[in-house]
Amino acid sequence: MSPSSSGPAGAGPAILVQGLTKSFGDVHALRGIDLSVPRGTVLGVLGPNGAGKTTAVRILTTLLRPDGGRAEVEGHDVVREPAAVRRSIGLSGQSAAIQEELTGRENLEIIGRLYHLSWPTARSRAADLLKQFDLVDAADRPAKNFSGGMQRRLDLAASLVGQPQVLFLDEPTTGLDPRSRLGMWDIIRSLVAAGTTTLLTTQYLDEADELADEIVVIDRGLVIASGTAEELKGRVGGDVVEFTVPDRRRVADAVAAIAQVGNGEPHVDTETGVVSLGVGGGGSDALIQAVRGLDGAGVETRGLALRRPSLDDVFLALTGHAAEDEEPQSRRRGGRRKARNDTAKGES
Amino acid sequence: MTAVAAQGGAPGSLARARWAVTDTLTITRRNLLVWMRVPAYIVFTVIQPVMFVLLFRYVFGGAIKVPGRIPYVDFLMPGIIAQTAAFATFGTAIALAQELKKGVIDRLKSMPMARSAVLAGRLVADTGRMLVTILIVVGVGYAVGFRFRNGAVPAVGMVVLATVFGLAICCISAYTGLAIGDEESVQAFGLIWLFPVTFLSSAFVPISTMPGWLQAFANNQPVTFVIDTMRALALGHLPIEANLLKSVACLAAVFIVFLPLAVRAYRRAG
Chain A
1 MSPSSSGPAG AGPAILVQGL TKSFGDVHAL RGIDLSVPRG TVLGVLGPNG AGKTTAVRIL
61 TTLLRPDGGR AEVEGHDVVR EPAAVRRSIG LSGQSAAIQE ELTGRENLEI IGRLYHLSWP
121 TARSRAADLL KQFDLVDAAD RPAKNFSGGM QRRLDLAASL VGQPQVLFLD EPTTGLDPRS
181 RLGMWDIIRS LVAAGTTTLL TTQYLDEADE LADEIVVIDR GLVIASGTAE ELKGRVGGDV
241 VEFTVPDRRR VADAVAAIAQ VGNGEPHVDT ETGVVSLGVG GGGSDALIQA VRGLDGAGVE
301 TRGLALRRPS LDDVFLALTG HAAEDEEPQS RRRGGRRKAR NDTAKGES
Chain B
349 MTAVAAQGGA PGSLARARWA VTDTLTITRR NLLVWMRVPA YIVFTVIQPV MFVLLFRYVF
409 GGAIKVPGRI PYVDFLMPGI IAQTAAFATF GTAIALAQEL KKGVIDRLKS MPMARSAVLA
469 GRLVADTGRM LVTILIVVGV GYAVGFRFRN GAVPAVGMVV LATVFGLAIC CISAYTGLAI
529 GDEESVQAFG LIWLFPVTFL SSAFVPISTM PGWLQAFANN QPVTFVIDTM RALALGHLPI
589 EANLLKSVAC LAAVFIVFLP LAVRAYRRAG
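If you're matching them up, the sequences are chains A and B in order. Going by this note's numbering, the first residue of the first sequence is number 1, and it counts up by one from there. Going by this note's numbering, the first residue of the second sequence is number 349, and it counts up by one from there.
Hints listed in this document are in silico derivations from the structure and should not be mistaken for laboratory results. Treat the numbers as computed from the prediction; the structure is a model and nothing was measured. Wrong hints could be hidden among the right ones.
Think about it this way: if two alpha-carbon atoms lie no more than 20 Å apart in a straight line, the pair counts; the simulated DMTMM-like pairs of lysine to aspartate or glutamate are [said to hold, decoys possible]:
#, chain 1, residue 1, chain 2, residue 2
1, A, Lys233, A, Asp206
2, B, Lys450, B, Asp530
3, B, Lys449, B, Glu531
4, B, Lys450, B, Glu532
5, A, Lys144, B, Glu531
6, B, Lys449, A, Asp34
7, A, Lys233, A, Glu265
8, B, Lys594, B, Glu532
9, B, Lys449, A, Glu214
10, B, Lys450, A, Glu100
11, A, Lys144, A, Glu101
12, B, Lys450, A, Glu101
13, A, Lys144, A, Glu100
14, A, Lys233, A, Asp312
15, A, Lys233, A, Glu214
In isolation and in its complexed conformation, chain B is listed as follows (with noise of 0.2 Å):
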């Protein structure tokens, strides 16, 4: 996120980046203390989760067979973790269409303020709320059986591809929440677009199950991608770099995209 800062006039160019870092961590704090202050936000991206896992784990998991010799709880946490980290970008486009609404960004607007640091700020909060319920995930999953099995540095690699993952449908998020501007339409399409993303993929079933005109679907969209890399790096004995390389080039395409749009929308929001 480049500093395009508010201030034209004295202060230095010095002086209006340490401003746009600043007012970057004055709006990601702001944005934490609400989600802490909101229990319906905590249920929304912690305790969902973990029933998700659970109802995958004990209820469907038993009827799904995957290839290999692969535990089902294996296969199954890398997919979790990138639907949770999906998920909690619903948060974002809500956020953003309410302060929308409510005035709260054409106060800032109006502020000496890093013009940056409202969407910098929403990015950086969204993001270290998704890697909190990442690693909640991730614990749940070992209490349930799930483990690590390629050793500690692909495992991180697995949870900072996932947060990046999350930052990317963020900025997707970000961008429909300033675009649409109004919180009920946003609550109603948020999560339509990302249910079929997320279940149409290999996150919770092996895509060999499906039909074939499914499968032509789920093996070629980026969340599979994404997921297979993760599966690869938690589980090791995967092919992992055409995945790999698939989800980069896919994540940054998202970004050169989104990332605009956002700051465009947000310049012309109100």
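The following block holds chain A by itself, in its conformation from the complex (with noise of 0.2 Å):
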């Protein structure tokens, strides 16, 4: 999709991080990650609120300069060569970063002469992008009044207009509805199905399975794993028997009825009174176990089963805490609005 840039890139990846760190004052959001990301391949970088996630991407794109450690981008060091960063990547942010004012169109067109393009280069470009993201019909409205999800497809577009090598995904579809994030995972799908490079930042860990080839989990500042989706998955030990008690009072009686079953402690959440409990390759006699020791206690459960491990569990297993957890000791500087969870995770 993309021509080869001229600078030293050759055969490395197109994405390298050793060792890098960034403070903020007595915060510290990035506390020496590495990351490798070879071309053509999506990397989904997983964490909550606050993991450093965004203080990564604002490095690799030239937004911010790392305290130490080392950033490279097509082979080109960010800190000492930003300029030929910048001409290779695109970035499309947590929230749409258009002129609301302008339509589509002239968002775009703008976009495109700001990377040098000529007046009908910019402008075929511009209906070439709209067609793709599905923007044709609403092109010449102004962007104020796209849907959410408009906004952020035109966002996405106007990442894409310099045609770059690679492309840096921070939450893109935190805030949107859930049919409006399946749309934008389509999209991003037949984007990296053309090739494109991308780093992909999420707090939902079934966008990560969904879209990315290789997927790193940091929290607090910290790479703490990385593997493929199943092989994270793997990392749980196996499959998952998961039930919620209505009545919060018999939890901790559910949870000494089904002890002697798992191969760990089981994880309550109090608020919603779902119970979990890695069962390794015991499976189904696992789950009949579990039922016989529920029904002796007397203890009542719905939505009783057995099922495969979802990366909120790797998240458990890996950092003790859930996915969702706020952070509030490393959020980033400058109290930028992060936009809420939306509906798609824990709910049903």
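Need the complex rebuilt from these two chains, each delivered in its own frame; the hints are there to steer you.
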């Protein structure tokens, strides 16, 4: 999709990060992370709010200087050769960075001009992207009349005007409704299929699972695990028995009733009353034992089931806390608005 | 504004200089398009100053006596024009704070465009917008009896001085918008400091009618220097040299201090 760089980019990875550190005062946003993203692949950077995801993206896109370590994009050092890095990247951030008073078409044409395309080229590039992102009907309306999903699509289109070799998507679906989210996933998949190297941050585990070839889990500024979605799921150690206890006073009884079943401590979400238990390869035997135990204790449960581990379970196993936990001590500086979690997780 | 172009590698310095100019023009064009799309901006920059002209000309004007034989409308218009230029800069801070918050500035900074262009394009567009506003207010002034009484060249000089004055305050506004970075706070803070410096000047009433302690401030602040110079250019027969020198010195000081501050705030913003 994109021409190869004129710089020293060659056989190495598209993104290379070694020992990257960044602090804001007492807040250590990054405490030495390593990443390597081969060309044409998608890296999912997974972590809760404040884990350091956005700080890493801001360093890699030359918006922020690291305190220590090394970061290269397409073989160009982000500190020493920021201009070369900027020529190879596209960035789509957490909010729609578009001029709402202007039309979709005008937004893209102006970005094209700022990439030093001629007017005719900027126009045809805008028209192509509007078509590709299903925005043709709305193209000549002010972007402020767009839905949230359309604005994010326009923002993503804007990040592709320069035909980047490497695309950075910082929480591309945060704040979107579930349907727009699925639409966004389709678009990202098609970009990836076209061969654009992509670094995608997300706090949605299913999103990383869907889109990424390789996933790194970061928490409190450190990479705590990496691998494919399947490898990470393997870390939990097999299947999970999960059920809900509607009567919260009986949760303790339920935990006691299944104490002999699993190969570890059950995890209890006290807010929702959801109890989950890793059962290794035990599968259906474990499920039957759990049913007997709970029945014997007279605990009423709902939605008792055996399932494959999700990345939620991985996160829990790796960090001891759920992925959605807020980490107030490591929030980014500037107090920028953080979009709410949407409904796609944790419900139903 | 120096060409702090983003391109370090391939393009030569000539290409970079050319891009700094074309990028600035692109951003200018974008900003002017936005301005024309938002009715509130037009109201703010055109209707409000016209209201001020009518208010002072017909409501307060009758109660204000100015020394000499100068009609009040002639005394008033240079003051209104300076105030119009100063208030027009409010939009500079708001626009930059909005772009910062929405991530527009992040996007532009991550692109291989001239880094100076965002700020330069903002200042150029806002100065153009201000000039339009000034000319409209001059036109309204003519409709209510104001006349330039010192010839065409000094009249143009007055408009130029008003525009340079507005541009200087634009730099302050750009700095506050980028440094504060939060639209609501900018909105709250934006005009607060401009009210005292414009009203506690020779803009609307002769300073000699103010209490002594206030005269001490009003007589020795930059806005009075600028307005007295503008008045002398528009009307003639008024002392000009000292005020012109003081105006130039004050405006130069504002540029020297606030332009680098605004550039630094832009670099750090995000």
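Outcome of the hint check:
no.: 1; hint: A:Lys233 - A:Asp206; result: holds, 12 Å
no.: 2; hint: B:Lys450 - B:Asp530; result: holds, 10 Å
no.: 3; hint: B:Lys449 - B:Glu531; result: holds, 8 Å
no.: 4; hint: B:Lys450 - B:Glu532; result: holds, 13 Å
no.: 5; hint: A:Lys144 - B:Glu531; result: holds, 17 Å
no.: 6; hint: B:Lys449 - A:Asp34; result: violated, 30 Å
no.: 7; hint: A:Lys233 - A:Glu265; result: holds, 18 Å
no.: 8; hint: B:Lys594 - B:Glu532; result: violated, 35 Å
no.: 9; hint: B:Lys449 - A:Glu214; result: violated, 31 Å
no.: 10; hint: B:Lys450 - A:Glu100; result: holds, 10 Å
no.: 11; hint: A:Lys144 - A:Glu101; result: holds, 6 Å
no.: 12; hint: B:Lys450 - A:Glu101; result: holds, 13 Å
no.: 13; hint: A:Lys144 - A:Glu100; result: holds, 5 Å
no.: 14; hint: A:Lys233 - A:Asp312; result: holds, 9 Å
no.: 15; hint: A:Lys233 - A:Glu214; result: holds, 13 Å
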